[in-house]
Amino acid sequence: MRLLRSLLFAPANRLDLLRKFPRLDADAYVIDLEDGTPAAERERARGSLSEIVAELRAARLAAALFVRVNAARSADAARDFAAALDLPIDGIVVPKLAERADVRAAEAAIARAEDRTGRRLGAIALIETAIGVTNVDRLAAYWRARLVALAFGAEDFVTDIGGRRRADSREVLYARSRVVLSARANGIAALDQVFPWIQDSDGFATDAQFARDLGYAGKMCITPKQVELANDAFSPSVDEIERSRRLIRAYDDAKHAGRGTIELEGALVDEPMLRRAHAIVAWAGEAKPSSGAASS
Amino acid sequence: MRLLRSLLFAPANRLDLLRKFPRLDADAYVIDLEDGTPAAERERARGSLSEIVAELRAARLAAALFVRVNAARSADAARDFAAALDLPIDGIVVPKLAERADVRAAEAAIARAEDRTGRRLGAIALIETAIGVTNVDRLAAYWRARLVALAFGAEDFVTDIGGRRRADSREVLYARSRVVLSARANGIAALDQVFPWIQDSDGFATDAQFARDLGYAGKMCITPKQVELANDAFSPSVDEIERSRRLIRAYDDAKHAGRGTIELEGALVDEPMLRRAHAIVAWAGEAKPSSGAASS
Amino acid sequence: MRLLRSLLFAPANRLDLLRKFPRLDADAYVIDLEDGTPAAERERARGSLSEIVAELRAARLAAALFVRVNAARSADAARDFAAALDLPIDGIVVPKLAERADVRAAEAAIARAEDRTGRRLGAIALIETAIGVTNVDRLAAYWRARLVALAFGAEDFVTDIGGRRRADSREVLYARSRVVLSARANGIAALDQVFPWIQDSDGFATDAQFARDLGYAGKMCITPKQVELANDAFSPSVDEIERSRRLIRAYDDAKHAGRGTIELEGALVDEPMLRRAHAIVAWAGEAKPSSGAASS
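Chains as they are written, first to last, in this note's numbering: chain A, 34 to 329; chain B, 34 to 329; chain C, 34 to 329.
Please note that the accuracy of each hint is not assured.
When chains are identical, the list treats them as one kind, so a pair holds in a single copy or across two.
[What the hints assert, rightly or not] Simulated pairs of lysine-lysine, DSSO-like, Cα-Cα distance not exceeding 30 Å:
1. 53 to 288
2. 258 to 288
3. 53 to 258
If you are wondering where the hints come from, they were derived from the structure by calculation, not from laboratory data.
Values in this document were obtained by computation on a predicted structure and should not be read as measured data.
Using the sequences and the hints, build the whole thing.
See below:
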């Protein structure tokens with residue numbers, strides 16, 4: 034699976050922002066036809082979509098490129114599918130996924146486009162309503178062959194449930210934990226909530242580090258600065274890599290001596306910790322280690 | 034849906050407490066035939082139920098009036114149904130709802146009473162056992178046509194699971210989050226746990242503010258002081274209303290300029306936040322804004 | 034149900050550690066053929082299993098004795114079953130339980146052994162993968178007749194989901210809460226995660242106290258010191274017992290006066306708190322009260 038540490042959104046009607054994509058470091062990008070684009074601007078944005086996608090491809094945008102369509106069974110969605118699915122994109126982001134009927138609507142449109150173009154499209158599903166979280170296990174299982182990732186949308190979820198967002202995100206700990214669990218149980222990556230306080234880099238880093246603790250692979254981002262912070266938080270730090278290498282060496286020595294557990298730096302180490310250490314070291318080969326500066 | 038910020042319980046055998054209801058500000062009241070009334074007192078309390086309900090109605094109790102019966106399939110419950118369901122009350126509170134058979138027992142009794150009296154009765158279901166929390170999705174979906182609210186009972190839940198209550202309620206964060214999710218996914222209001230430390234107003238306010246963050250509409254209360262605190266916590270504060278109005282104005286300006294996102298007071302605002310702001314402002318028209326004095 | 038405050042693991046190839054069992058105070062012991070024993074050592078460990086079990090029984094090991102086998106449908110598991118199930122043990126610990134097929138494989142082996150030996154075997158299931166947590170309700174319900182306990186394995190779970198362990202365990206609060214809920218809803222005891230930082234007694238005690246708040250009956254232990262700390266944390270303290278006795282006395286007095294609720298030490302007390310107090314006092318008759326020294 035490709036790295037998905039950072040998924041940067043920009044509104045489909047903001048060509049100025051979209052044109053910056055090729056100069057940024059996100060692992061994937063989203064042209065947003067949904068909430069980021071006012072309803073009155075959407076038709077025009079759909080009209081310019083083909084051109085901006087061509088322009089980004091010509092500029093050799095290396096990362097994956099997605100289009101966020103409107104909720105699967107809305108009138109807007111049909112127009113979004115028509116405008117987006119035949120373009121040279123990597124897939125779509127489907128918001129407010131709640132019922133199997135949403136999956137079927139999106140899947141039918143995607144499959145027809147694949148037949149027409151011969152290209153393969155992925156999907157990222159946003160789980161961000163009370164019904165979506167309730168149904169997340171069956172939605173993930175039902176659509177796992179298509180899904181690149183499940184993403185948890187805290188802002189919409191809290192709006193839907195009638196709550197309020199907290200800086201510490203304790204009000205969404207249950208839903209956020211449940212979404213990553215469903216994703217991982219189905220072998221899919223999980224993408225964490227948007228952090229809306231765009232000036233607060235420390236807050237973003239803390240939120241991202243905890244998301245990584247939970248098992249999230251990356252974060253939805255809304256500014257280029259957040260992309261940097263996310264790439265950093267979702268990469269192993271130099272310190273993590275060194276600790277992992279020490280652990281692997283010590284454990285291998287112990288195994289040769291017939292021991293399956295060792296004490297290392299205060300903790301009793303056995304198989305699961307060894308597997309985590311191997312995963313960190315393997316990953317360090319793919320991702321540039323982070324400076325650790327953004328770590329909490 | 035009517036406001037349900039505060040649901041005040043008093044034991045059915047405590048006429049002194051029940052007679053205070055018309056002078057208090059709760060959004061709804063409960064005459065409690067279950068845990069608040071000793072088993073030895075219940076028969077007498079049932080005998081006086083008709084009279085006290087008539088007295089409260091004569092005193093022009095404006096708010097909704099409920100009777101808490103005993104657990105749906107108990108011997109006590111049948112006697113409670115017989116004593117309560119033909120009275121001019123708004124509905125019943127059903128404790129320890131755990132299985133569909135509990136719903137069927139209560140529903141059958143309620144439906145027969147409605148046929149007899151021609152009046153409509155609502156139900157509030159208490160989810161407060163390990164089995165109840167396990168089954169909460171199917172219980173809420175099965176009984177949603179009747180339910181006014183789902184309530185989470187932390188004291189009984191922790192007793193049933195064999196744990197201990199903590200002041201920070203972290204031990205029930207999972208169950209409390211799951212109950213509000215089931216309620217909201219089924220379009221039902223959710224009522225939060227009792228706060229038993231009746232002298233601790235700050236503790237109550239903190240607990241209630243977090244419940245509101247989670248999506249709870251109100252709280253079960255056991256003293257008149259808790260009613261005041263709950264009404265305050267579950268109403269938008271003057272400050273919240275003003276921030277919401279600023280957000281709506283700024284977002285409308287942005288939309289006219291073709292923008293679907295704006296930066297406001299440190300956060301990038303888009304559709305879900307706008308919807309929350311509209312909900313606050315609409316709500317401010319119904320509920321008297323709270324002073325915010327009890328806010329954490 | 035027997036007390037299960039502490040379940041001490043030692044690797045099957047570490048006869049030096051296993052021979053210490055009869056001098057320790059754990060409520061149950063596990064000879065570990067899985068992660069604690071290197072794969073290369075397992076065949077030899079199986080060969081010595083019969084002898085060490087006989088030795089421990091001869092040394093009058095009073096507590097329950099289990100063998101942890103390898104994951105139910107692995108090649109190792111079949112060899113583990115063959116080596117362990119006919120021995121005079123109390124049961125097996127099954128790691129990484131994830132699907133009903135795992136239950137069927139283990140159950141078939143156990144049932145055949147019971148037929149051969151005429152002895153009854155229990156099982157403790159480890160829930161420690163994303164799929165295991167997803168399926169925990171149905172696994173517990175399906176195997177409840179055999180299960181002595183469900184145990185939550187945080188290290189393996191976090192490895193499987195791709196996260197990182199935190200000292201405060203917030204990253205597993207959801208899964209840890211869900212496992213104890215499934216266990217209790219099925220009338221089974223729950224055993225809490227291993228605490229790997231073996232030098233940190235305060236950290237262990239805090240972790241154990243919170244596990245008890247959640248409803249866990251005990252903890253998996255990896256050192257004799259952890260056994261002492263777990264026995265202490267999962268027993269009522271002298272202070273808890275005294276408070277419970279005061280509560281019961283005060284509540285009985287109130288009941289005789291026709292009251293179903295009382296105010297005691299700042300809290301309004303009703304039935305669920307009374308039941309918790311009775312459970313503490315009954316338990317105090319079985320377990321030696323803890324000093325409370327290890328309490329947070």
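How the hints compare with the structure:
no.: 1; hint: 53 to 288; verdict: between (51 Å within a copy, 22 Å between copies)
no.: 2; hint: 258 to 288; verdict: between (44 Å within a copy, 25 Å between copies)
no.: 3; hint: 53 to 258; verdict: within (13 Å within a copy, 57 Å between copies)
The structure fails none of the hints (numbered hints given earlier).
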